[in-house]
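Visitor: With chain A held as given, fit chain B onto it using these hints.
From first to last, the protein sequence lines are chains A and B.
In terms of UniProt numbering, the first sequence is residues 1 to 86.
In terms of UniProt numbering, the second sequence is residues 1 to 252.
No lab work stands behind these hints: they were computed from the structure.
We put the beta carbon where it would ideally sit given N, CA and C, even for glycine.
Check each hint, because a few of them may be wrong.
What the hints assert, rightly or not - Taking beta-carbon pairs under 10 angstroms as the criterion, some of the chain A residues facing chain B (in silico):
1. Asp21
2. Val45
3. Tyr72
Stated by the list, open to error - Here are the computed distance ranges between Cβ atoms for each label pair:
4. A:Asn70 - B:Arg156: 42 to 48 angstroms
5. B:Arg179 - A:Thr67: 44 to 50 angstroms
6. B:Arg156 - A:Thr67: 38 to 44 angstroms
7. B:Pro101 - A:Val20: 27 to 33 angstroms
8. B:Asp85 - A:Asp74: 46 to 52 angstroms
9. A:Ala19 - B:Glu117: 36 to 42 angstroms
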Amino acid sequence: MSDYLDGNAAAGALSELFAVDLTAAIAQCNGCGQTTVFAESRLYVDAPGMIARCAGCDTVLLRVVTTPTNTYLDLRGLTYLRIPNS
Amino acid sequence: MERTAIRRRLTWQVATVADVRRETETARTIVLDVPDWPGHLAGQHLDVRLTADDGYRASRSYSIASAWDDSHGSTIELTVEQVPDGEVSPYLVEVLKVGDPLEIRGPVGGWFVWKPEQEGPVQLIGGGSGVVPMRAMLRAHAVAGTTPARLLYSVRRPESVIYVSDLKELAASDDVDVRLVYTREAPAGEPRVGRIDAELIEQYAFKPEDGATTYVCGPTPFVETVADLLVAAGHDPARVRTERFGPTGGPR
Numbered sequence: 001m002s003d004y005l006d007g008n009a010a011a012g013a014l015s016e017l018f019a020v021d022l023t024a025a026i027a028q029c030n031g032c033g034q035t036t037v038f039a040e041s042r043l044y045v046d047a048p049g050m051i052a053r054c055a056g057c058d059t060v061l062l063r064v065v066t067t068p069t070n071t072y073l074d075l076r077g078l079t080y081l082r083i084p085n086s
Numbered sequence: 001m002e003r004t005a006i007r008r009r010l011t012w013q014v015a016t017v018a019d020v021r022r023e024t025e026t027a028r029t030i031v032l033d034v035p036d037w038p039g040h041l042a043g044q045h046l047d048v049r050l051t052a053d054d055g056y057r058a059s060r061s062y063s064i065a066s067a068w069d070d071s072h073g074s075t076i077e078l079t080v081e082q083v084p085d086g087e088v089s090p091y092l093v094e095v096l097k098v099g100d101p102l103e104i105r106g107p108v109g110g111w112f113v114w115k116p117e118q119e120g121p122v123q124l125i126g127g128g129s130g131v132v133p134m135r136a137m138l139r140a141h142a143v144a145g146t147t148p149a150r151l152l153y154s155v156r157r158p159e160s161v162i163y164v165s166d167l168k169e170l171a172a173s174d175d176v177d178v179r180l181v182y183t184r185e186a187p188a189g190e191p192r193v194g195r196i197d198a199e200l201i202e203q204y205a206f207k208p209e210d211g212a213t214t215y216v217c218g219p220t221p222f223v224e225t226v227a228d229l230l231v232a233a234g235h236d237p238a239r240v241r242t243e244r245f246g247p248t249g250g251p252r
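Chain A with its partners taken away, still in its complex shape:
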């Protein structure tokens, strides 16, 4: 099934939380170790909130869930994010 978008579409939600754009950051998947730009991850927006999965092994990289009062950010599947300093 191709019922997913990609990490680009998470830019808006992430920009509410982070000062830099994370969609162009290099991300390492904690499941398979694959290293790619976050924009290439698979993004599912039909679930409550937003889920990004590794395009290689389907591991959940990131979840963002917004309730009326708070936002939950779960980064369990990311070993690291590499962001250029400038």
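Guide: Relative to chain A, chain B alone:
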């Protein structure tokens, strides 16, 4: 003026519809007036949020179709393709009118962008409304680009082409090559009907040794097929940037 120490948190703001233009039977360009728009890079998008009377909210990402320069003042353009049974796009394409407010958040996205100072040729491959951010890139290129650019634009039939007059104008430049690919029905004189394949990439796209950056945008299956074809043809995956709109060209 010095930048303020406290960064403004990017969040929702209200834009006003300044104009609407019908592009095809199912697509419409919406001109938005956004107070204090900070400018954007070609290829960036924004999120649109609709709120129902009962408080239910739905948001979607839409590519910005216009290039930014100071003379635009505070105006930007979106082009929205209606998704059957969509939650947001039918409202934007059929209901929204001049003067209406629209909640937006943007500009966002730092990956699927083209900057005039970027080195090497630019290869754009769009499927359906995937051409929207490419229009912004070609507009920016027309103003400041110094490298060759090519657009391969896959559409179902001649009536599905958006930005018809724009593309003609852009294609008149020596630096820009625009080629349409018809998947269901071609105009008279165009013998080829079918999706983008290896042969077409070989024939019309820059070669791996040309050092181009390739941008692929459209429905998810389209993007994955084209990206695979490019990599199979020897293109460096790191120079292929993709943006997926979902199963059928929506929800963007």
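Visitor: Now, for every hint given, state plainly whether the structure supports it.
Guide: We went through each hint and held it up to the structure:
1. Asp21: holds (3 angstroms)
2. Val45: At 8 angstroms from the nearest chain B Cβ, Val45 (chain A) passes the 10 angstroms test, so the hint holds.
3. Tyr72: violated (17 angstroms)
4. A:Asn70 - B:Arg156: 42 to 48 angstroms: holds (44 angstroms)
5. B:Arg179 - A:Thr67: 44 to 50 angstroms: holds (48 angstroms)
6. B:Arg156 - A:Thr67: 38 to 44 angstroms: The hint (38 to 44 angstroms, Cβ to Cβ) holds, given that Arg156 (chain B) and Thr67 (chain A) are roughly 41 angstroms apart.
7. B:Pro101 - A:Val20: 27 to 33 angstroms: holds (30 angstroms)
8. B:Asp85 - A:Asp74: 46 to 52 angstroms: violated (30 angstroms)
9. A:Ala19 - B:Glu117: 36 to 42 angstroms: Given range 36 to 42 angstroms: violated, Cβ gap about 23 angstroms.
Hints 3, 8 and 9 from the earlier list are contradicted by this structure; the remaining hints agree with it.
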